[in-house]
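S.K.: Chains A and B supply the protein sequences, listed in that same order.
Residue numbers are given in the working numbering: position 107 of the first sequence equals residue 107, and the series is strictly consecutive.
Residue numbers are given in the working numbering: position 78 of the second sequence equals residue 78, and the series is strictly consecutive.
Just so you know, the hints here were simulated from the structure itself, not pulled from any lab data.
Positions of the beta carbon are idealized from the N, C-alpha and C atoms, including for glycine.
Residues on chain A that point at chain B, a partial pick, calculated with CB under 10 angstroms: (1) 30; (2) 31; (3) 32; (4) 70; (5) 72; (6) 73; (7) 122; (8) 130; (9) 136.
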Amino acid sequence: MQPIPIEPEAAGEPVATAPFEVRLEVYSGPLDLLLQLIESRQLDVLTVPLAEMADAYVAHLATQPVASEQLADFVAVASQLILLKSRRLLPGEPPPVAAEGEEEPDEEELRRRLIEYRALRDAARALGERDGVSPIFRREPRESDLPEVPSEPLPAGLLAAALDRLAAIPEPVPPPPEVVKREVTIAMQLAMLRAALSARGQVVLQQVLAACRSRTEVTVTVLALLELVRRRQATVQQDELFGPILVQALAGEEAT
Amino acid sequence: MTVAQELGAFFEALLFIAERPLTTPEMAHLAGVPAVQAEASLAALAEDLEEDRRGLRLQRHDGMWQLVTAPEVGERLAAYGAREEARLSPAALEALAVVAYRQPCTRGDVERVRGVDSDYVIRSLLHRRLIAEIGRRDTPGRPALFATTFTFLERFGLTSLDDLPPLSTEAAAATALATMVDADGG
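Bound conformation, chain B alone (with noise of 0.2 angstroms):
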């Protein structure tokens, strides 16, 4: 076993018997490496994972690390793990694809884009846990910010944000003027 193979099997070893979600420091720091050798090993673990079209994948989000199940065999996982979610209704859905696209992002931000009062679709996200407050807006009433969550990811069989299909151009340019408006508007 190489050196890098031996640092790759820890990291996959460690984050199968972690109850929660690692950042990569705190891992780096268990396997006496500087942070950005783990960054590279977990990375191309990730990478092996996939490629080896393993029942296992590496889950990444907001610098944390996850071992979870691949998307591929969640249909038939499901059976087993009998859960029934309720579906999101198409204003839930919504709200969660702007938080999902344009986050971290506030309420404000969810109802200027849908032109309606979004409120009570936001609670029910925080409810089921799709998406967190991660923190304040430094604008007047310091509004909450909101992310997408790790249940978001696992719900929707995504690895990291990186898969989610991209917005049409015409639409990434609109919001990224959106985005420049929101920052002249304060």
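This is chain A alone, in the form it adopts within the complex (with noise of 0.2 angstroms):
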């Protein structure tokens, strides 16, 4: 890769518009990008006009959309560099001095961060390559080692005394007989289908689930019914939306 001469004088020509064809790594953040362009470039991180990165900024993040929980932070940079590239566009207006206390984001601070940003990206990088590549290891605590250690031996009598304490604890009284009922099991429905089935031949579901009592019934209801489709005894079949929905009995029912 040739790399593209900047030339000061030529503030009008915008290195960053020229066509790159460059296949960035993905970037974990705003800084990244930004410091992913500049050195595919092969520029300078620390004398590249930032303003000459707009562009390049702005587009690439027009064609490769970031995720929407981190765009805000995205157009943060973008904002300041086309800020930068603004002031550069307007002649003869002095980039305006930073009040006191107010965080003026010039040129300066950004290029502070991204060195400030480089360094440490690198510094991952080679955390990255040492990963676990020679890993140290220590001593896995066994199961003897205790928390604590009662320093002087413990008499006898106090777990005599424990144990005293203990049988004086009454029994705990038996749970009570169950009080929830079971009103309704599949079994139960099952054998109610089959005795309608094998009455009439075939059934409206609608009518069936009329006769039942509470939600439980009607679920199990539905329920045995799936398990006759399953165990191919009956057949449902339904015309229309919403309308009457018929079961019919299917020959060798008997057979369970």
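Reassemble the complex: the two chains are provided individually, in unrelated frames, and hints are given to aid placement.
M.R.: Right, dumping it as structure tokens:
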């Protein structure tokens, strides 16, 4: 790759607009993206006029959208770049001097952040290269590594006293008999459906369900019906949406 | 055995049976010597282990010591330990690097350097015990301060934080400047 020469005089010819086919690595944030754009052009982060990176940065964002939760961070850097670029395009307008206590996002501030970011990114890469390569192990805690060991032997009487206290604790009261009665089971509803089918050959599901006394019973009845269908002892048919659901017995239904 | 050798041997044995990192005062107390003497003895022991190319090293972090295996044998030991750790993402490594080089630091510090929301990666680093909360900064909101852990040193084969490769000089200057700016800005 040929390095692109930068000529500080040619401010009207931003280098960043040159068509450039570069595949960037996956970038982990706005500063990473900007840095990769600079480095892929073989420019020096210490000297490159950052304003000239505005177009490339925005163009890259337009073609490779970032996750919405990160978008604000990317837009923040984009707006700084566009501000730098617009200052360049307006001749005779001196860059505003940062008022005291006010953070004016000027070029040097952004450059400083880039340099700092680059160092930590490189450190992160170096860390990544040694990740788990030659790990250090410590002794795994053993079961005998009790958190605290009594400093003096305990009198045996203590154990007897503890047993006495334990004996004084009344036996737990037996739990009351089951209070929730199972009213309906799938087996019951299977039998009910089979009886209805063998009597009439076919039933309408809505009518069966209308006779149910609780929501649970409705649920169990539908489950029982599905079981019948699964065992190929009945078929269901519904000709129109919300219409009656016809349940018909299939031959050989007696085989259970 | 000289007195110094005896003290070194005692510390070596003590650290061998210890199931957690021990502090210098704790060990000095057990040995019945002043903390300064314990400190010197432990430093000498650490040096001896390294110079003799032994299989064990003395690891130091945050005023605590533990006896660990040497990084040189780590690769082959990993087969015994059979610890399969998922690799860290570039984002997680970045956040970890910021904490490692600027500790103690807050989530805000990490985000300032990375320029991107880092809540999720910080939490994943905490979950992996590579960093830990060690206190809170005395600024509005009292944000949590994070530092690296023994687990971090172990995973990356470092005997202490001094083994971290230095940041490039220009970056070190920038980091120093940023610290000053942070201090000014509150």
